[in-house]
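Student: Kindly produce the complete structure, drawing on both the sequences and the hints.
Number of protein chains: 2
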Amino acid sequence: MKLVECVPNFSEGRDLKKVEQIADCFRGKKGVKLLDWSADADHNRSVITAAGEPEALAAAVVEAVGRARELIDLRRHSGQHPRIGAADVIPFIPLRGVTEAETVALSERVGQEIGDRYGIPVYLYEQSARHPGRRNLADVRRGGFEGLARKMQDPAWKPDFGPDRPHPSFGAVAVGCRKLLCAFNVNLNTDDLGVARAVARKVRERDGGLPFCKALGLELKERGLVQVSMNLTDFTQTSVWAAFEAVKAEAAKLGVTVAGSELIGLFPAAALLDCAAHYLQIENYAPDRVLEARLFE
Amino acid sequence: MKLVECVPNFSEGRDLKKVEQIADCFRGKKGVKLLDWSADADHNRSVITAAGEPEALAAAVVEAVGRARELIDLRRHSGQHPRIGAADVIPFIPLRGVTEAETVALSERVGQEIGDRYGIPVYLYEQSARHPGRRNLADVRRGGFEGLARKMQDPAWKPDFGPDRPHPSFGAVAVGCRKLLCAFNVNLNTDDLGVARAVARKVRERDGGLPFCKALGLELKERGLVQVSMNLTDFTQTSVWAAFEAVKAEAAKLGVTVAGSELIGLFPAAALLDCAAHYLQIENYAPDRVLEARLFE
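These protein sequence lines are chains A and B, in that order.
Here the first sequence stands for residues 1 to 297, numbered as in the numbering used here.
Here the second sequence stands for residues 1 to 297, numbered as in the numbering used here.
The set of hints was computed from the structure by calculation and includes no laboratory data.
Do not rely on the hints blindly, as some may be mistaken.
All copies of an identical chain are treated as equivalent in the list; a pair is satisfied when it fits inside any one copy or across any two copies.
For lysine-lysine, the following DSSO-like pairs were computed, each having C-alpha atoms within a straight-line distance of at most 27 angstroms [said to hold, decoys possible]:
#1 30 x 17
#2 179 x 248
#3 2 x 29
#4 202 x 248
#5 214 x 248
#6 248 x 221
#7 17 x 29
#8 179 x 214
Note that this is a predicted model, so its numbers are computed, not measured.
Tutor: If you want it as structure tokens, here you go:
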């Protein structure tokens, strides 16, 4: 069976009725399963996780974008998180029996339909990007909704599908294929944000640290701690344990210990099983030694 | 969907054609999946792992016992491993959507049919045991095939199903419901068997160690190492990481380090995910944070 995951982000995190109405597009559809949804009021943003057969999932995603177009007006939206659209980013991730190329093609069909049907500009990003400057989502999103009309006057930002100017209330959307991502935070026993930032700089790829590791230092004010918040964009290259140990070692150099860690969103089993194999020093580990892997292969 | 696992052990590990013929009973059957099989020439023993819908799996197991009766003659069998039957032990394990009580009942139906159809004495063991003295498989198997005729003269060893004397070539078989078991070995950097035995004594339940932990010290002659070979019979009570760390700590007291560890057979994902959560100090771990758990729930 072909199985693709989609983790669309919507710019509504306060009115949970609206979030539910969007999530409903993934409910009760043959071949589609709503796995999770969460909303964050500070960020005024919600994240839906769904998986399913490629075409059925694509149809549900297009429907959800239409629902977001009806329900969300970015002209009246505020929130900390950078965003360009009512549906802001729509990543598709190949899970099982489907290649990255097929998933790129799926993202293209979805982008085409969103552009044609709803009159929304669509940027293909990450593995689906047709221009090198669009691979990185941060570049696509730079300037946000407020800067979008101006940004799109530059021919370099002509969208891949849809009109050459923002949809008035929706904005634009980034659609693409990416790998499974591990969002993983390590909390440190200090309230000194400088420590978290210094550790983040040491471990992230951008500053010469671990490949496929993005990291930021953040405050956890309520707990009086700081956090190194990481996105591991290819855990087969930089594993969760390697990132954890790097944070632990860099923090130790500054005299700070690890308080704990957090998984964000749904986590791929393989990334955690790999950690068990490392710490238990398993000599004969292979993913197919796991009972469930055989059951559902 | 109801899903039960069965891990029957057969007393043939040298003639792989015979093992294949037995494994064939689990192939191409609707509702049954052959997950794994392995054979060990020293032990002259093979282990099949299959899973499926209860009734379909039960039918395949009964067929495999019949095949073993045709192919294996214990009067001409030698091997290190204790055994009483051509099919020696048939554990059923509830995996999904099925209770332990239902699985006990399934083991009883299978035992009844093996007794009636093939004239083989059957002992219900572990959670299916109807006598306290039959819970522990080692007690049922004590004396082996060679001592079986004499043992069965004792009314205390009247079988639960089948005739009151051993089948001449097959012997007898233990059938029962048990929990998922983790078979996990830790290799130590020494060739001193005394070290492995001393560590095994320290960690196993029988001698006051970890609950639900069975352990033996063994030699790995080819590698010049020794091994603590463990069965964790309830990993929710004694986790794999706790057993690993206990072996490591006890070995360290004797000045010996861990060389590595090995998973035996198919390993339940939950037991390994739990280890990742421990070593990564994950504060918000729960099995349903794993993507695959949501996909197949």
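Student: For each hint, tell me whether it holds in the structure or not.
Tutor: Status of the hints after comparison with the structure:
1. Taking the shortest Cα distances, residue 30 and residue 17 sit within 27 angstroms of each other inside one copy (23 angstroms), while across copies they are farther apart (44 angstroms).
2. Taking identical chains as interchangeable, the C-alpha atoms of residue 179 and residue 248 lie at most 27 angstroms apart only when both belong to the same chain, with a minimum of 26 angstroms there against 37 angstroms between chains.
3. In this homomeric assembly, residue 2 and residue 29 come within 27 angstroms of each other (Cα to Cα) both inside a single copy, at 16 angstroms, and across copies, at 23 angstroms.
4. For the homomeric pair residue 202 and residue 248, the shortest alpha-carbon distance inside one copy (11 angstroms) is at most 27 angstroms, but the shortest distance between copies (32 angstroms) is not.
5. Taking the shortest alpha-carbon separations for residue 214 and residue 248, only the intra-copy value of 16 angstroms comes in at or below 27 angstroms, while the best inter-copy value is 34 angstroms.
6. With identical chains, the CA atoms of residue 248 and residue 221 are at most 27 angstroms apart within one copy only, with a shortest distance of 21 angstroms there and 38 angstroms across copies.
7. When the C-alpha separation of residue 17 and residue 29 is checked against a cutoff of 27 angstroms, the pair qualifies only within one copy, where the shortest distance is 20 angstroms, while the shortest distance between copies is 47 angstroms.
8. Taking the closest pair of Cα atoms, residue 179 and residue 214 come within 27 angstroms of each other only inside a single copy of the chain (14 angstroms); across copies the shortest separation is 41 angstroms, beyond that limit.
Checked against the numbered hints given earlier, this structure breaks none of them.
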